[in-house]
Amino acid sequence: MPGPTIELDSKPRRPDISRFKDLNHSEKRWAGYQPWLKNMGYRLRSRYEPDWSPSWFRTGYKIIDSEDAMHPPLRGKSMDATRISDGQVISMKLVPTHTKELLIWKFLSSPELRKDPRNHCIPLFDVHLLPDTDEQVLVAMPLLVEYDIIPFETPGEVMSCLHSFLEGLMFMHEHNVAHLDIASVNVMMDPGPSLFPKGFHPTDPLYYVPNPSSPKIRLGAPHISRTLAPVQYYYIDFGESVKFDDFKHRERIYGRVGHARDAPEFRTGRSYDPFKLDIRACGDMIKEIPEVSARDCD
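Per our numbering, the sequence shown starts with residue 1, numbered consecutively.
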């Protein structure tokens, strides 16, 4: 029996977005891809249609109450889309081809490794060559949300999260991959179909569209407990990661990497074990979870 739904904090998180009546530079690039993406089986939101005009000009809604004013991060590397074949909302990312990120991601998302339930690396759905450059490719993947977007309600929910973090780290290390950028921003949650009963907006889970036929958006997306709507946690972003052929070919590395810029390993300028750095970073990340920190203080 479904539990009670809770509305997320209704304090506005977005600044005045009146300047977003026009697409920014990154958005224009995505809008330019719209016809090509449709041929590939993806549909972008109405904001990126060739004939788009702001809905608030005709509805009278405030800009902050209009769905088509919602936009992705300004860096523009990621975009949400609907997969036309099944209606699933996914995420897309532009990944450089001159780094090892895609190779490592493909390895971790290979059919054999995907079968392992200990694999908590974000799945890679598809990779598409771009029509205008060979310096990047477009990667399709699940649409995830911040893992702490809603509070943990029980010790079991916290333990499930921690188990996924640790199990996923062990899995990567077992396959000779060091992530090298473990931080709260690089672990995310797949809410599945039930955590947000009325859905959520792909650019900000605090918002949802009450009526799909209306362009009006509302703050305070209702959610239920993770206990009643089990979720999955994933490591993302392998841009700093390294992979070794096997255990005996592992090497120490040099230099500062990732978000853990103040790690002791960086202070001496000497080489360090990338796998041990991962373990330290994972421990530091876990200590940032409010429910864990509170228990440490008791």
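Don't take every hint at face value.
As the list claims (entries may be wrong) - Once the Cα atoms are required to be at most 20 Å apart in a straight line, the calculated PhoX-like pairs of lysine-lysine come out as:
1) Lys62 x Lys21
2) Lys243 x Lys106
3) Lys62 x Lys28
4) Lys106 x Lys93
5) Lys77 x Lys115
6) Lys62 x Lys38
7) Lys21 x Lys38
8) Lys28 x Lys93
9) Lys100 x Lys77
10) Lys62 x Lys216
11) Lys198 x Lys243
12) Lys198 x Lys216
13) Lys77 x Lys62
14) Lys38 x Lys100
15) Lys100 x Lys198
16) Lys21 x Lys287
17) Lys216 x Lys248
18) Lys38 x Lys28
Said to hold, decoys possible - Here are the computed distance ranges between Cβ atoms for each label pair:
19) His128 x Lys216: 44 to 50 Å
20) Lys28 x Glu146: 38 to 44 Å
21) Asp148 x Leu103: 47 to 53 Å
22) Asn24 x Gln88: 42 to 48 Å
23) Leu113 x Ser53: 30 to 36 Å
24) Pro117 x Ser53: 45 to 51 Å
To be clear, the hints were calculated from the coordinates, so they are not data collected in a lab.
A virtual CB, placed ideally from N, CA and C, is assigned to each residue, including glycine.
These are the hints, each one checked on the structure:
1. Lys62 x Lys21: holds, 12 Å
2. Lys243 x Lys106: holds, 12 Å
3. Lys62 x Lys28: violated, 23 Å
4. Lys106 x Lys93: holds, 14 Å
5. Lys77 x Lys115: violated, 29 Å
6. Lys62 x Lys38: Roughly 30 Å between the alpha carbons, so the hint for Lys62 and Lys38 is violated.
7. Lys21 x Lys38: violated, 24 Å
8. Lys28 x Lys93: The hint holds at about 15 Å.
9. Lys100 x Lys77: holds, 17 Å
10. Lys62 x Lys216: Distance of about 9 Å is within 20 Å: holds.
11. Lys198 x Lys243: This hinted pair is violated, its Cα atoms lying about 41 Å apart.
12. Lys198 x Lys216: Satisfied, since the Cα-Cα distance of roughly 14 Å is no more than 20 Å.
13. Lys77 x Lys62: violated, 28 Å
14. Lys38 x Lys100: violated, 29 Å
15. Lys100 x Lys198: At roughly 39 Å apart (the allowed maximum being 20 Å), Lys198 and Lys100 break the hint.
16. Lys21 x Lys287: Violated. Lys21 to Lys287 sits at ~41 Å, over the 20 Å cutoff.
17. Lys216 x Lys248: With Cα atoms ~58 Å apart, Lys216 and Lys248 exceed 20 Å; violated.
18. Lys38 x Lys28: Given pair Lys38, Lys28 holds - Cα atoms ~16 Å apart, limit 20 Å.
19. His128 x Lys216: 44 to 50 Å: Violated, at about 33 Å.
20. Lys28 x Glu146: 38 to 44 Å: violated, 27 Å
21. Asp148 x Leu103: 47 to 53 Å: violated, 30 Å
22. Asn24 x Gln88: 42 to 48 Å: violated, 27 Å
23. Leu113 x Ser53: 30 to 36 Å: For Ser53 against Leu113, whose Cβ atoms are near 46 Å apart, the range 30 to 36 Å is violated.
24. Pro117 x Ser53: 45 to 51 Å: holds, 47 Å
Hints 3, 5, 6, 7, 11, 13, 14, 15, 16, 17, 19, 20, 21, 22, 23 from the list above are not met by this structure, while the remaining hints are.
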